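S.K.: Here is what each chain is made of, one letter per residue.
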Amino acid sequence: MIPAWLTLLIGPFVVLNVVIGLVTYITLLERKFAARMQSRIGPYRVGPHGLLQPIADALKLMMKEDIVPHAADRGIYNLAPIVFLIPCMLIFATIPFAPGLGVADVNIGILFFLAVSSMEIVGLFMAGWGSNNKYALLSAMRAVNQIISYDLPFIFSALVPVLLTGSLKLGDIAAVQQGGFWFIFYPVIGQLAFIMFVVSTLAAENRVPFDILEAESELVAGFRVEYSGMKFALIQLGEYAHMIGSSFLGALLFLGAWSGPGPEYLGPVWFLLKMVFMFLLVTWIRWSFVRIRVDQILALSWKALLPATLALLIATATVVVWRTNGF
Amino acid sequence: MLDQSTVARVELDWAGPERITMNMGPQHPSSHGVFRAIVTLEGETVVAVDAVIGYLHRCHEKLAETLTYAQYPSIASKTDYVAAMTSEFAYVMAAEEIGKVEVPKRAQYLRVICAELQRVASHLLWLGTWCMDMGGALGGGATIFLYCIREREDILDLFESLVGARLLYGFYQVGGVRYDLPDGWAAQCRATIDRIDQRIGEYEQMLEQNPFFLARAKGVGVVSRELAQDVGIAGPLLRGSGIPWDLRRTAPYSSYEDFDFRIPVETDGDCFARYRVRMVEFREAIKIVRQALDKLPAGPISSRPALKSVAQIRIQKGESYARVEGPRGEVGCYLIADGSAKPYRMKWRGASFSNLSILPHIIPGHKVADVVAIMGSVDPVFGEVDR
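Chains as they are written, first to last, in this note's numbering: chain A, 1 to 327; chain B, 328 to 714.
By construction, these hints were calculated from the structure, which means they are not laboratory data. No experiment lies behind these values; they were computed from the predicted model shown.
Only pairs whose alpha carbons sit at most 16 angstroms apart, straight line, appear in this in silico EDC-like list of lysine to aspartate or glutamate:
1. B/614 with B/524
2. B/674 with B/646
3. B/432 with B/621
4. B/669 with B/388
5. A/169 with A/105
6. B/614 with B/521
7. B/644 with B/424
8. B/694 with A/295
9. A/134 with A/73
10. A/134 with B/369
11. A/134 with B/345
12. A/134 with B/371
13. B/614 with B/585
14. B/669 with B/646
15. B/545 with A/295
Which chain B residues stay away from chain A? Per the calculated CB distances, all over 10 angstroms, these:
16. 360
17. 394
18. 398
19. 486
20. 510
21. 515
22. 551
23. 637
24. 645
Interface residues of chain A toward chain B, partial, derived using beta-carbon atoms under 8 angstroms:
25. 37
26. 40
27. 134
28. 138
29. 218
30. 288
31. 289
32. 291
33. 292
34. 294
Heads up, the beta-carbon is just placed ideally off N, CA and C, and yes, glycines get one too.
For reference, chain B alone in the conformation it holds in the complex (with noise of 0.2 angstroms):
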C-alpha cells in the first residue's frame, strides 16, 4: 500500500514553518539526463517531491513501428544508451519467440559475453556518477568518476574492436548476432576484466573505509521490502531491499543456466544495501565472462543468412513478452507481429521508469543534498525512462 503519510502536498493557509518550492531539474547538475523534481522545503527538508519526467521523449515506440526487425535493434540500443547492449537483447528475443527462431549456442555465449560486460560498463558509470552526485563535480566525488571512467573506456575499446561502435551497436540481431570474436580479442577481454576485477577492490577500499561516504550513504533512502514490491521496482533497488529476484535465475534465458554465479542480496534496503549489491554485481558479471569465454562453443554465429537488405527479416502473426536482467533491472520488450517485415506495435518496459516512481515515496524527510543522493543511487537513465 502506498503510505499517504509521505505524499505531502502543500495546503493553502499553511501555518507551520514556511516553505519553499524548488526546481532540480530538467537543467540541473544532479539530474542525470533531463529530470525535474520539484520540490517543496521546510528549511533544509524536503516535505514534498513531485517528478516530472517527458523532457527525452522521443517516440522509441512508435517509430519501431517504421523499421524493420533488421533495422531496429540498433536504434533500440538507443532508449538506454548507458546500456545499449540490454534493450537490443530484449528486442530481438520478442522477435524471436513469435518467430520461433532458433539461436546457436555460440550466438547465445557471445550475447551473454555482451551484456555482462555491458552491465559492468554501466555500473562503472553509475559508481561515478553516484559518488560525483556526493562529492560534486569538484570535489572527491569527481575522483572516483575518473577513475570509473577510465575503466569504463576500456570495456568501450573492447565493444568498439567487437562491433566497430562505442556507444549504440546493433550488436544483436534476429536469429544471433551480427559479428564474430576478432582475433585476440578473447585474450584482451581477460586482460581488461582481470584488470577491473583487482581495481574494483581498490574503489571498494577507498570508499568503504571512507567514513564520510559512510556517513552519506548509510541509513539514506530506505526502501522497504514491502514497499519495493508494492512499487515494482526492479534490479538492483530491489535486491538492495531484501528479495532475491534476478531474471538470470528466476528465468533464465541465452544459456545462463551453464553458468554458475551468484545472486547479491542485501536486506537493508538503504543507499549503501544497493552500492553493495551492484559492487557484487561487478565481481559476478566478470566471473560469468570468463565462464563463457572458456566454454565458448564453436559453431555459427547466427541460424539466418547474413543480411542483404532491411527487409529481409519476416516474422509471422503473433505476439510474445521477451524480458532480460539489464544493469537497472527488468527490460521488457512486447511486440505484436503482423507478418511482415516490421512489428505491428511495440512497447517497452523501461527499468529506470519503473526504479523511478519510487522517488516520492522515500525521498520526502531527507535533507536536500540527500536527494540527489538517493537519485543516484536509483541509477535512472532518461533516455530509458521517457523512451
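Excised from the complex, chain A in its bound form (with noise of 0.2 angstroms):
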C-alpha cells in the first residue's frame, strides 16, 4: 500500500512529465506549421517527417558545454534557469483538464494562475542581470516595462469570463460553458475579451509583435543570450510551458475547455485540441507580423489595451448585474 503522501505527489509527477512531452513535441509543430507559411518543408531529417527532431534537440542541448560567463554574478546566472522555470511549471497546478482531473482545482484557481505566471519576470530579470551583459541587461530592463504594463490588461480580460461565471475557480468556468455556451459566443464582450486576451497573452509570452525581450536584430539573444546548454534549455522550456499553460488558459476561458462532440471520455483531447488551436493562432501572429518598438508597445499598453480592457470589465459587470438584478 503506497503512504498517502506519495499519492499526492502522483498528479503533479504526471502532469510536469505530460507538459515537458507537450513542449517538446508543441516546438515540432510550431516549426513546421512555420515553414508551411514560409514555403518551406521544416524539420524532415531526423525520424519520418521530422518526428524525433525534438529529442536529437534535447540530446544536444545536453551535451552542450555549460557556459559561465566570466564576469557573471555566478549566483545569480546559475539560478535564474530555475526561478524562471518553477513559475511556468507551477501554472499548470489548478488547470483541470477534465471534471476533476488535475493537480489541484482550488477555488482562487484563476487567481493562482495570473499570480504565478507573472512571478517569472523575476527570473527574467535575474537572467539578464547576473550575465553581466550589456544586451542582456537592456533586455531585462525591457521585460520588466513589459510584463508590468501588459499585467493588468491582461488580468482584466481574463476576469470577464469570472464576471460571466461568478466564479475564480477554473472548474466551475468550464463547467458553466458545457453544452455549446462557451464564452467566446457570448454577444459582444465575448469576442472583444478574447482578442483582447490574446493580444495580452502575447505580450505576456514575449511573442512577436511583442518580443522585444529577445530581439534578435538588436539585442541578439537578449536576456538569454549568455546561456547554452541545459540553462538555455531550462529556460526554452520554461517559455513554452508558460505559453501552452497560457493556451490552455485560453481554451478554458473562452473556448468552454473540455465540452464537445462525443462521449464524455473525449474532454481531455477537445481540450488538447483547442489548447493547439490557441497555440497556433499565437504562433500564426508570430510569423505575420514585425516586431513593434518598445516605446510603441507601452504606448499601445496603457494607452489603448488597458482603457479598453477596463471599460470591457465595466460593462460585463453592468450586463451581469442586469441579467440577476434586473434595472
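Hey, can you piece these two chains together into the complex? The hints should help.
M.R.: This is the structure we're talking about:
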C-alpha cells in the first residue's frame, strides 16, 4: 500500500512530465507550421517527417558545454533559469484537464494562475542582470517594462469570464460553458474579451510582435544571450510551458474547455485540441508581423489596451448585474 | 551643413541620465556583413553612434593594378557581391571610355537587361533582410525574407544559364559582353519577371496593410533634402528625400535613353519613403527588361575579337571616370591607363560607402530598435564599403 503523501505526488509528477513532453513536441508543431507559412518543409531528416527532431535537439542541448561568463554574477546567473522555470510549471497546478482531473482545482484557481505567471519576471530579470552583458541588461529592462504594462490588461481580460461565471474556480468556469455556451460566443463582450486576451497573452509570452526581450536583430538573444546547454534549455522549456499554460487558460476561459461532441472521455482530447488551436493562433501572428518598438508597445498597453479592457470589465459587470437583478 | 547638435558626445563628469556604451557589431545579427556601430545609450535612446568600418578590406584597388583589363571584371563583382553586375559595368565603361571602344547595340541591350535584373535581385535581398531586421530572424520578418529569397533564386537561375555563375559573373567585357543569350532564355526571363511582378504586388499588400510594419517604418530615420545633398548620398536614399537624381536619366549610358521608364521620388525621407522608392523601382526595372527583350537588335555582342589571352586588351594612355546607377546608387570607377594591359591606378566610388556616412546624422535620438531599421533601409553592402 503506497503511503498517502506519495499519492499526493503522483498527480503533479504526471502533469509535469506530460507538460515537458508537450513542450518538446509543440516546438516541432510550431516549426512545421512556420515552415508551411514560409513555403519551406521544416524539420524532415531526423525520423519520419522529422518526428525525432525534438529528441535530437534535447540530446544536443544536454551535451553542450555549460559556459559561465567570467564576469557573470555566478549565483544569480546559475539560479535564474530555475527561478524562471518554476512559475512557468506552477501555472499548470490549478488547470483542470477534465472534470476532476487535475492537480488541484482550488477555489481561487485563476487568481493563482495570474499571480504565478507574472512571477516569471523575477527569473527573467535575474538572468539579464546576472549575465553581466549589455544586451541582456537592456533586455531585462525591457522585460520589466513590458510585464508591468501587460499584466493588467491580461488580468482584466481574463476576469471577464470570471464575472460571467461568478466564480474564480477554473472548474466552475469550464462547467458553465458545457453544452456549447462558450464565452467566445457571448454577444460582443465574448469576442472583444477574446481578442484582448490574445493580444495581452502575446505580450505576456513575449511573442512577436511583442518579443522585444529577445529581439534577435538588435539584442542578439536578449536576456539569454549568455546561456548555453541545459540552462538555455531550461529557459526555453519555461517559455514554452508558459505558452502552453496560457493557451490552456485561453481554451478554458473562452473556448469551453473540454466541451465537445462525442462521449465524455473525449473531453481531455477536445481540451488539448483547443489548446493547440490557441497556440497556433499565436504562432500564426508570430510569423506574420514585424516586431514593434518598445515605446510603441508601452503606448499600446497604457493608451489603448488598458482603458479598453477596463471599460469592457465594467460593461461586463453591468450586464451581469442587469441580468441577475434587473434594473 | 553638418548639424552639430546631432553629433552628441559623452563628456567627462556627465551629470545627466546614466549612459552605457554598447557595441553593435562587427559580429551582430543586424550588421549585414561586418560593420561595427558603437552606440551610446541613455536607456533605450541612442544619443551617439560611431560607425567603424574596414573589417572587410581586401585591397581591391591595389589588386586592380595587378590584373589585366580582361581579368578584372570578374574580380570587380566582388566589391558589391549583392549586385555584382553593376561594378563590372562601371569598370568596363571606364576602360572603354579611355580606349574609345565602341560597344555594339546588342551588347548594350544585353548589359541593360543584366543590370536591371540585378537591380531586381538586389532589391529583393534588401526587402527580405530589412524586414528581417525589424521582425527578427525568428519572427514575422523572416517570412518575407524567405519569400524574397525564393524570387531572387529565380533571377540567379537566369544568370546561371546565361553566364554559368550565380553570384560573381564576369559577364561584362571591354567592348561588349562575354556571352549571347542561350536558346529559350528570353522566354524564361519573361516568365520569371512576370511572376516577380505579380508577387511584388503581394508583398506590397502584405506589408502596407500591416499596421505594425507602418508603425516601424513611417517617420523613422528622416533624411532631409538638405542633409541628403550635404552628405552626398545617392540612389534610392536620395530619391526618397525628394531629389529626382538617377544617372540612367540624368546622364544616360548604354542606350538607357531608348527605354521608357519612370524615376520614383518620395519626399518624406523616412524609411517608408525609401521603401516606396525601391518598390516602384522593382516595377520600373522589370519594365525596362521587357522593353529591352522586345527591342533586342541582332548583331555582334562585342566589338573586339574573342579573348585568347588575358593580356590581349591594351588600352592607350589616359584617364576617365565612369559611373552607373546601381541598386544602391552611383557606382563610379576612376581609371588611369598607362598603355599596357593593366591599369596604372584604379579607384572605386562605392555607393554603400557614401550612403553609410548618413548614419551618424540620422540615428541619434532614435531607439535601439530603430538603429537596425535605419541601417537596413540604407541597404549597405560591406564588400562595397570596405572594398
